[in-house]
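As you go down the protein sequences, you meet chains A and B in turn.
Basically the working numbering = 1-based index in the first sequence + 6.
Basically the working numbering = 1-based index in the second sequence + 6.
If you're looking for bench data, these hints aren't it; they were derived computationally from the structure.
Computed from a predicted model, the values in this text were never measured in an experiment.
Among these hints, one or two may not hold up.
[To be verified] Once the Cα atoms are required to be at most 30 Å apart in a straight line, the calculated DSBU-like pairs of lysine-lysine come out as:
1. Lys37/B with Lys579/A
2. Lys259/B with Lys37/B
3. Lys37/A with Lys259/A
4. Lys259/A with Lys432/B
5. Lys25/B with Lys37/A
6. Lys432/A with Lys579/A
7. Lys432/B with Lys259/B
8. Lys37/A with Lys25/A
9. Lys25/B with Lys37/B
10. Lys25/A with Lys37/B
11. Lys37/A with Lys432/B
12. Lys317/B with Lys25/A
13. Lys18/A with Lys432/B
14. Lys579/A with Lys25/B
15. Lys37/A with Lys37/B
16. Lys259/A with Lys317/B
[Stated by the list, open to error] Chain A regions said to be covered by chain B (calculated; three or more residues, Cβ under 8 Å):
17. 24-34
18. 520-527
19. 597-603
Beta carbons are placed, not taken as given, at the ideal position from N, Cα and C, and that holds for glycine.
Here's the letter readout for the chains.
There are 2 protein chains.
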Amino acid sequence: MAAYTAVGQRAKRLDAPAKLTGQERYTADLKPAGLLFARPVGSTYAHARILGVDKSAALSVPGVVAVLTADDLPISRDENGQPVKAPIAFGEALYAGHIIALVLAESDAAAQDGVAAVEVDYEPLEVIATLDQALDPASAHVRETRQQANDEEAGMHNSDAVTEAEADEEDLPSNVSNTVRFDRGNIEAGFAAAARVVEHTFESLSVHQGYLETQGCLVAIDALGDLTVYTSTQAAFYCRTRVAETVNLPVQKVDVVPMPVGGGFGGKFVLVEPLVAAAAVAVGRPVLLQYSRMEDFLAGNPAPDCRITVKLGADADGNLTALQARLVFDTGSSGGSPLQIASILLGGSYRVPNLEIRGHEVLTHKPGAGAYRAPGAQQAAFAMESAIDELARALGDDALDLRLRNCVVEGDPRPNGAAWPRIGLKQCLEALRDHPAWIDREHARAAGRGVGIAVGGWPGGIEPATAVCRLDANGKLTVVLGSVDLTGTNTTFAQVAAESFGLAPDDIQVTTASTDSAPFAGGTGGSKITYTVGKAVEKAADEARRQIMEIAAQHLEAAVADLEIVDGVVRVKGVPGSGLSLEQIAGMTMGFTARHEPVYGTGSTAIAESAPGFAAHLAEVEVDDLTGETRVVRYVAVQDVGFAINPAAVEAQIHGGVAQGIGWALYEGMTYDGDGQLLTATFQDYVLPRAEMIPPIETVLVEVPSEHGAYGAKGVGEPPAIPGPATVANAVRDATGLRVTSLPIRPETLARAMWSAPQAAD
Amino acid sequence: MAAYTAVGQRAKRLDAPAKLTGQERYTADLKPAGLLFARPVGSTYAHARILGVDKSAALSVPGVVAVLTADDLPISRDENGQPVKAPIAFGEALYAGHIIALVLAESDAAAQDGVAAVEVDYEPLEVIATLDQALDPASAHVRETRQQANDEEAGMHNSDAVTEAEADEEDLPSNVSNTVRFDRGNIEAGFAAAARVVEHTFESLSVHQGYLETQGCLVAIDALGDLTVYTSTQAAFYCRTRVAETVNLPVQKVDVVPMPVGGGFGGKFVLVEPLVAAAAVAVGRPVLLQYSRMEDFLAGNPAPDCRITVKLGADADGNLTALQARLVFDTGSSGGSPLQIASILLGGSYRVPNLEIRGHEVLTHKPGAGAYRAPGAQQAAFAMESAIDELARALGDDALDLRLRNCVVEGDPRPNGAAWPRIGLKQCLEALRDHPAWIDREHARAAGRGVGIAVGGWPGGIEPATAVCRLDANGKLTVVLGSVDLTGTNTTFAQVAAESFGLAPDDIQVTTASTDSAPFAGGTGGSKITYTVGKAVEKAADEARRQIMEIAAQHLEAAVADLEIVDGVVRVKGVPGSGLSLEQIAGMTMGFTARHEPVYGTGSTAIAESAPGFAAHLAEVEVDDLTGETRVVRYVAVQDVGFAINPAAVEAQIHGGVAQGIGWALYEGMTYDGDGQLLTATFQDYVLPRAEMIPPIETVLVEVPSEHGAYGAKGVGEPPAIPGPATVANAVRDATGLRVTSLPIRPETLARAMWSAPQAAD
């Protein structure tokens, strides 16, 4: 490895001081003059026609300024008259909590009082609350107009969504809003060639992103109608376009100011911004809507629930022969579930000559499906990795050997036919194979614990990006970006720019500008920002360096090739004291005596090939044989990260992903009753893992460099959040003999199974 | 001329809707949470030792939060212990109104009450109020430490300030803070060769910039000590550096947000910002200081008063033989007068083989000298153009012919030896010669009016600059700049970018970003922004166009050379319907399916040669022979503008400059009494010309293209403000026979002279 001075080092996050001292200021901390506080009137019913909204009592509440329904808001309508891209009901409430009106008031308390005083006249309608109801041809339509899947949403997060899935030709129930179908080889012949076949059906509940900071945004409007959107978004430019579309303005009249994000996890690309913008336009004053926790549970955009059946066969040598899968994703009341990426990932980790995957997305009376850190991948991995675990048992094979024998490598096809580029799945499995936790697994078993493993992969997102690297008056550098700083990405970019100059990351300021002036970047999500923007930063810094060297070469009367930068001084190689400091060069480019152009390097990327990342996890669990409670006592996370620009940040990403995976496995799940009412709308009912529920996490970084990322880096956000549910479930199987097929793994389910028939849980 | 579609057209200003409807929001309109209002405690004396400041009564005023003297503020000190770059007294008040303390309060009213309650214990000291006192070797020092001239200040506005003036070797009075000296040929021989010699001494008072919006800024501070400076500045980056220096922070911790400027005219580069920043640091809360009108008169940075003696000779053929000049500029209590540029300009408009110019800058007990639209040029032109007018009379020559015969052209030397580049002085004089107002001047005289002419020139500023041109999602373009929009400069830049794309200026958004992320540009002043940034915008737009054409060429399968942009569509030349819209191309560069790099053009300039601009003016005046009141009834302003990108904006600049010139000639003047007390600290006492005092202005645009400006443009801000005083004075001479030697031309002075000795006014 080259001797790097800045990248590959454990760097402290630039945003740490503000966050660690509680001084960071978030959207809801903004208090512009004239601010109105918005509170939503949420639907009492999961499905109802709205016959009328009586605002009079609410408007008489002191401090209440307006009660706005969809009819009062300047929201663009599509050809069906439906409001575009704004989470408000247009005559028909589609889920419990669906916003029927916004109450705007001078204080939050007044707005809450106003909400209580709004009287809505409902006509309750039939509720589609379950997958089975949605798949029943006899059921009523969830909506009057059938919606198409929103590929744009899925594409924000991963590159495989671009694939054209083959449309299913069958006659479908009306609530099926999207289908996918992938075929390879001959599925019957595949199963005929199998020595062992396993088949299971897996279910998982809707899971909430669980960010500390709820969804919220503040939209200010000036007298000319220009909007400034202060928001906790992961994707400023995408949000800008969506807001502009909704209120029918050119994008130039919408400036999105990315505020610090108090947790996003895929759920904060755009949600309430268009609605709040429309409200600000309607009243001509700044409006803040910051969801309460319950509002966020009711009207957020959580990960969808789904049901996946996997049938998997292998020959006697442990080579996979056939994979058949059926996926049904609940997309709630609007399209956008990760059905396609889940289908591709489910069949993407292993070489299997015969494959048949069918997927359906169905509409129900729940909020729209959103992205949650590796959307679709956890569900797919939970099903596939559970199935292959059972297959290993059926074959009498080693769970790791079976995976290693069949895992995909560069050139192997995905279900959609696209070949994998260089990937590190095999290397991850090998590293896990050599890890003491795997080698010594019998010791754990002897102590009554179960050991489970699972893998997960993520294709990685791509999107063009530009970055700027500017030399400032004091000889330091500023990197200007349009990407939102999440999980320390700006710190990573500081390292990349610093590397070009031989400076410390502290000498680099990284600024995310607002959309009025920022260079373009996609959303910080889908494991793509470091991969796409990082390379743009590297190119911008290299270009800034080139400009500096040209200036120095003239003044030092030396060839550029003979110069170096040491400690912020450009000098003739090996000649200390001969140089010009970066501050001196800055003075030659700015100020009235300056005669050189300002140093302003730009770099752009339009990487066509994504850099998929794989992870292999191991969990040791203890299951209380009385209560059925599962405790994870050891966790190993191996991940191919390409190149860890900031190992501390990469490990932190893995820690967080593992914790979320354990939450998904054991605790989290949004439960709706038969009327479509959410039973888990508070953190009393919806359980997030707390620190004591998470064991120490051992991380192993595998570095199979990407071809296009800065220094070989890949996006690392998604992969560590994927294998968790399957890993824990496989460990539970190891500990108890029970195959878990439903998430989360509830103690009562395990206990009931252990007390009765020990061979089938759930 | 090429057939331009956007430049050369009269474009409406992009900022007009907000300003014309009263909707623009200025610095003082900002009301962040926790804002403190600052009011200054100004010195009662023009010179005093501050023995003590009793804050107790002020601090007991309800709402008053702090009373801060220099000792309480984190202001960096220079080696003499003097506060750096902040207008606050450090133990010694140097002018009446010098800020001794800032009172910070929850409301402006409380702050004013607090100011009234602060008790300052003064020891009055000797006051140097006049040039003669300052030049008297027996006078006390104005300050304990002698200051050097601040070339940086002058250089912000013009390029000639870079010249190294020859230092005078004579033994100087201690209050002389700077000297210049230029010599050419043999001055005695020059006068010996003259057939006629005239000699006069001219004086002009200090003049205030008279902006509608007073000096003010708001500095916010976050918990980490980062400052955001919202200010009505012409020069965001310069302001950033100065604030950072003062409070001893790296520039990266200071973000200057340029707010709309309610009039600047050179006076708003930086003034109160460092002081307010120090106050915000001291109290950890946002602080707004917005001068009252009186505070602005007392503690602003007006143009300095001066005295200039000119001795000028010509031979019998009307060729100049010798010019001797003595200039004394009053720089107030700190250096920074435009002595050097005045000296160069005074001797720069005409070819004269023998020349001797001596200049002195002296310190007095007045506020520091500031820049006012063409700093030093009005005073120099008033002296020189009055003198040449007298010389024409002495020679019996025509005032215009004498100027035309001797005016400088490309290659002629300035007093500092630098040759003039291509300039349009001769062309301006020729255009004026051919103007009906000059041709028919005898008609005016027959009607009892006087006709006067004068010329003025400005070297033009230069400073490196970068501009960005970005393609947005909807196919429109955004130009991102670091220069402040003044007098419609951003509209001009929109035209430049539009020209590259065949779009209307309305399709271009021009954004001035804050210093955290903006590309560098110098201050908008000194007639340099259009010249330096305009070319950068042109280059950036051309680069953006090139990137767009490359993408289109791939998709249209055509060579770039065969493509054109028509109505926002890139198409094969002459083939309508074959093309890709800019919006389609934008979609290929942004979004998850995009596979081309974002279009992000940058352009930089480091123009080494300035583009001097000249103007020739004519005024017709009537002088009331009873009251001495002068009324300007006709005004012609000829100006070489290089190329008028927006003729409407150029003419507006000329209108404003002429109005200010007439104000300088007839109305404006800051008058101090012998104790250094300002007698004209309100608009009751300090007379700005009102609309009815300004005649219709006939503008003639001469276009001698510059070599480096966009489309040949030159800066046009300064030149129209220069010839006014001399033009009006020469017209008064023509009408009355009285040679005015003192500005402003007061009615009582003329009346007294007309009633007594008609040959010498003042």
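**Asked** Are the Cα atoms of Lys37/A and Lys37/B separated by 30 Å or less?
**Response** holds, 9 Å
**Message:** For Lys37/B and Lys579/A, compute the direct alpha-carbon distance and say whether it is at most 30 Å.
**Reply:** Distance of about 54 Å is beyond 30 Å: violated.
**Message:** Given the hinted pair Lys432/B and Lys259/B, is their Cα-Cα distance within 30 Å?
**Reply:** Violated, at about 50 Å.
**Request:** Given that the stretch 597-603 of chain A was listed as covered by chain B, double-check it with a C-beta distance under 8 Å for 3 or more residues.
**Result:** holds (count 7)
**Asked** With a Cβ-Cβ cutoff of 8 Å, does the stretch 520-527 of chain A contain at least three residues near chain B?
**Response** The restraint on the stretch 520-527 of chain A holds, since 5 of its residues have a Cβ under 8 Å from chain B and three suffice.
**Asked** With a cut-off of 8 Å between beta carbons, are at least three residues of the stretch 24-34 of chain A near chain B?
**Response** Answer holds; 4 residues pass the 8 Å Cβ test.
**Message:** Holds or violated: Lys37/A and Lys25/A, Cα atoms, limit 30 Å.
**Reply:** holds, 20 Å
**Request:** Would you check the hint for Lys317/B and Lys25/A, treating anything up to 30 Å between C-alpha atoms as holding?
**Result:** Answer violated: Lys317/B to Lys25/A is near 70 Å, above 30 Å.
**Proposed proximity, Lys432/B with Lys18/A (alpha carbon, max 30 Å)** = violated, 64 Å
**Prompt:** Would the pair Lys579/A and Lys25/B pass a check requiring their Cα atoms to be no farther apart than 30 Å?
**Reply:** violated, 56 Å
**Item:** Pair hint outcome, Lys37/A versus Lys432/B [Cα-Cα no greater than 30 Å]
**Value:** violated, 59 Å
**Prompt:** Is it true that the CA of Lys25/B sits at most 30 Å from the CA of Lys37/A?
**Reply:** Judged against 30 Å, a Cα distance of about 25 Å means the pair holds.
Of the numbered hints given earlier, the model fails hints 1, 4, 6, 7, 11, 12, 13, 14, 16; all others are met.
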